[in-house]
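With the hints as your guide, set chain B onto chain A.
Those sequence lines, one after another, are chains A and B. Following this note's numbering, the numbering of the first sequence begins with 1 at its first residue and continues without gaps. Following this note's numbering, the numbering of the second sequence begins with 289 at its first residue and continues without gaps.
No wet-lab data here; the hints were simulated from the structure. There may be inaccurate statements among the hints.
Said to hold, decoys possible - Under the rule of at most 25 Å between Cα atoms (straight-line distance), these lysine to any residue pairs were calculated in the SDA-like manner: (1) B:K575 - A:K144; (2) A:K16 - B:G306; (3) A:K198 - A:R110; (4) A:K144 - B:R548; (5) A:K112 - A:I205; (6) A:K276 - B:S483; (7) A:K50 - A:T63; (8) B:K544 - A:F145; (9) A:K276 - B:T473.
Claimed, not checked - In silico contact screen, one side only, chain A against chain B (beta carbon under 10 Å); selected entries: (10) T58; (11) P62; (12) W65; (13) N111; (14) N221; (15) A284.
What the hints assert, rightly or not - Rough simulated footprint, nothing fancy, chain B against chain A, three-plus residues with beta-carbon under 8 Å: (16) 80 to 91; (17) 102 to 109; (18) 123 to 136; (19) 197 to 203.
Built from N, CA and C at the ideal position, the CB exists for glycine as well.
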Amino acid sequence: MKLALPTLRKNRVKKKWTGRRVTLTISGWIIGLIFISPYIEMLVTSVKPKREITAIPTAYLPTEWTWHNYIEVWTKIPLLGYIKSSFFIALMATLIVLILAIPAAYYSARNKFRGRTLFLLLVLVTQMFSPTALVIGIFREIVKFHLVDTYLALILVYAAFNMAFSIWILSSFFASIPVEIEEAAWIDGATRMQTLRKIILPLAIPGVVTAFIFTFIAAWNEFVIALTITSSVNHQPLTVGLTSLIGQYQVQWNFLFTGSLIAIVPVVILFAAIEKYLVGGLTAGSVK
Amino acid sequence: MATTKLRKSKFGALPWIGPAILMIFVMVLWPAIEMIRTSFQNVNSTGKVVGWSGITNYKDLMHNPDLPSIMVRTLLWVVIVTFFTIIISLPAAQILHQKFPGRRLVRYALIVPWAASVVMTSTSWKWILDGYYGILNRILTDLHIISEPVDWLGTPNQAFIWLIVVAVFVSVPFTSYVILAGLTTVPDDILEASSIDGANPWTRYRFIIFPLLRPALLVSAVINLINVFNSFPIIWIMTTGGPGYATDTTTTLAYKISFRDQNIGQSASMATINFGIILIFILIFLKVSKWKEATE
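So that you can see chain A by itself, here it is in the shape it has in the complex:
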């Protein structure tokens, strides 16, 4: 037996390239390539020198890779301002979501209270609402509150519309932690708030991180409400600021895509980190 084991292992590592496996690998790689291709074109365009962008016919690759564009972009368009706006708005919205969602999720995961079903229904229904569908109502409300062209307006809207996902995902994480762990602390005189902070939250870190990243990215990527509510350059987030370049007389595609990639890359990395928790949260736990 002891002698047989290593050979078995070896067979497993060195899989034979059967026809089926070759087809599988090639189709897998083609799928990957298709879904990354628009971003490769973004990258290629972002390092083209200016004269080659408007050359006809378009060249597949730049004659010289102008990485210098990534330095120049900061002085050519107000990119830093857009990033600051996006970052501040997304961070504030995310913090508000966590501060409000954690207690709500904890309580509804631990207690059967009157109206619990109704509360969860409200959460689920509003998770399906998108700001796009309500943009006219949101705009009229923001006008009433005198919040047009402010960060606060966007922070409040993003916090409210992403509350549901966070409550939902946190609640399922909290519910999976055995109540016995807390009960011992309660007997020792700890309050519910204390057990939530000291015992539950540390155990539910993946859930909190997922809620944080998801909300942050949703706010970072949002477009319709930002387009409607912000008008001044120093309040515009990335999505609105960068696309406003398209409207200009001469579109600076290389800088537009340089900025876009700077905005996309960190978000993709964060998203990949929470990928395995997302599906359950987005489908109300019906698919896990």
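For chain B alone, kept in the frame of chain A given last:
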């Protein structure tokens, strides 16, 4: 059990869930009510309400000569995009479920369109499809598929087809991941038993895997219907609903009527109809997601 009872505050659930509910009421439900109310009001172009107007806004909207074709297009948009999204996601998920060298990388590649801002993805596609400088014209010319550059987004039918392509492109990643999650629930022993019984891969897929995937498929289909119906950035960035109204859906039309034509009352009536349709989709979602079981 006694300890939990002891620790219940006299305010009950309110201090815990109240703030979140308040936030949802003020920033989500209030705008919804405000929008529905506005649809029955007469609003002048500066945004001032000058009185109730009954159903005049709805009547005026129905007299919009472009509306019938936009409604048909919206239906096509939602159905075609959702259909192709699922048709492509099913085999994609099946492939990503198998082991092959580089699978992790391919999975990460599929995440990119899901995580990246749809606005920026659409901008890239707009550039790829550009009539003068776009790479697509170059590729198709080199392959001798077209003899001269085509203005893809400038001709109504071509533009609509490309919008559908991009909408499917951004919807497939999420859908594939939902189906992938569904595939992991298919028990291995059932599959092994069936292959011992001599089931070929296709019958195995048709009669064992596919039925088990039904919940994942239904849920992702309804979520896609809602997302695609609400989809705004793709159309707005690539064509702004143009040329004319040739690629508008009821969602972009509602936006155009209020923020370009300054006709807020009429726009609110369009948006209210859209909202009603979304509510119907949500009811279907509640039905197929069996959410109550998940909350128990």
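Chain B over the segment 80 to 91 of chain A, status - at least 3 residues with CB closer than 8 Å: Our answer is that it is violated, as 0 residues pass the Cβ test (under 8 Å) against chain B, missing three.
Given pair status - S483 (chain B), K276 (chain A), alpha carbons within 25 Å: 29 Å, violated
P62 (chain A) as an interface hint toward chain B, with CB separation required under 10 Å: 12 Å, violated
Given coverage of the segment 102 to 109 of chain A by chain B, tested with a Cβ cutoff of 8 Å and a minimum of 3 residues: Per the Cβ count (5), the hint holds.
Chain B contact restraint for W65 (chain A) - C-beta distance below 10 Å: This hint is violated: W65 (chain A) lies away from chain B, its Cβ roughly 17 Å from the closest one there, beyond 10 Å.
Interface hint status, A284 (chain A) versus chain B (Cβ within 10 Å): 5 Å, holds
Pair hint K276 (chain A) and T473 (chain B), alpha-carbon separation not exceeding 25 Å: Holds - the C-alpha atoms of T473 (chain B) and K276 (chain A) are around 14 Å apart, at most 25 Å.
Hinted pair K198 (chain A) and R110 (chain A), Cα distance within 25 Å: 16 Å, holds
Whether chain B covers the segment 197 to 203 of chain A (at least 3 residues having a Cβ closer than 8 Å to its Cβ atoms): violated (count 0)
Holds or violated: K544 (chain B) to F145 (chain A), with C-alpha atoms at most 25 Å apart: Holds, at about 23 Å.
Evaluation of the interface hint that places N111 (chain A) against chain B, nearest CB under 10 Å: 7 Å, holds
Pair hint outcome, K50 (chain A) versus T63 (chain A) [Cα-Cα no greater than 25 Å]: Status holds; Cα separation ~12 Å.
Checked against the numbered hints above, the structure violates hints 1, 2, 6, 11, 12, 16 and 19; every other hint is satisfied.
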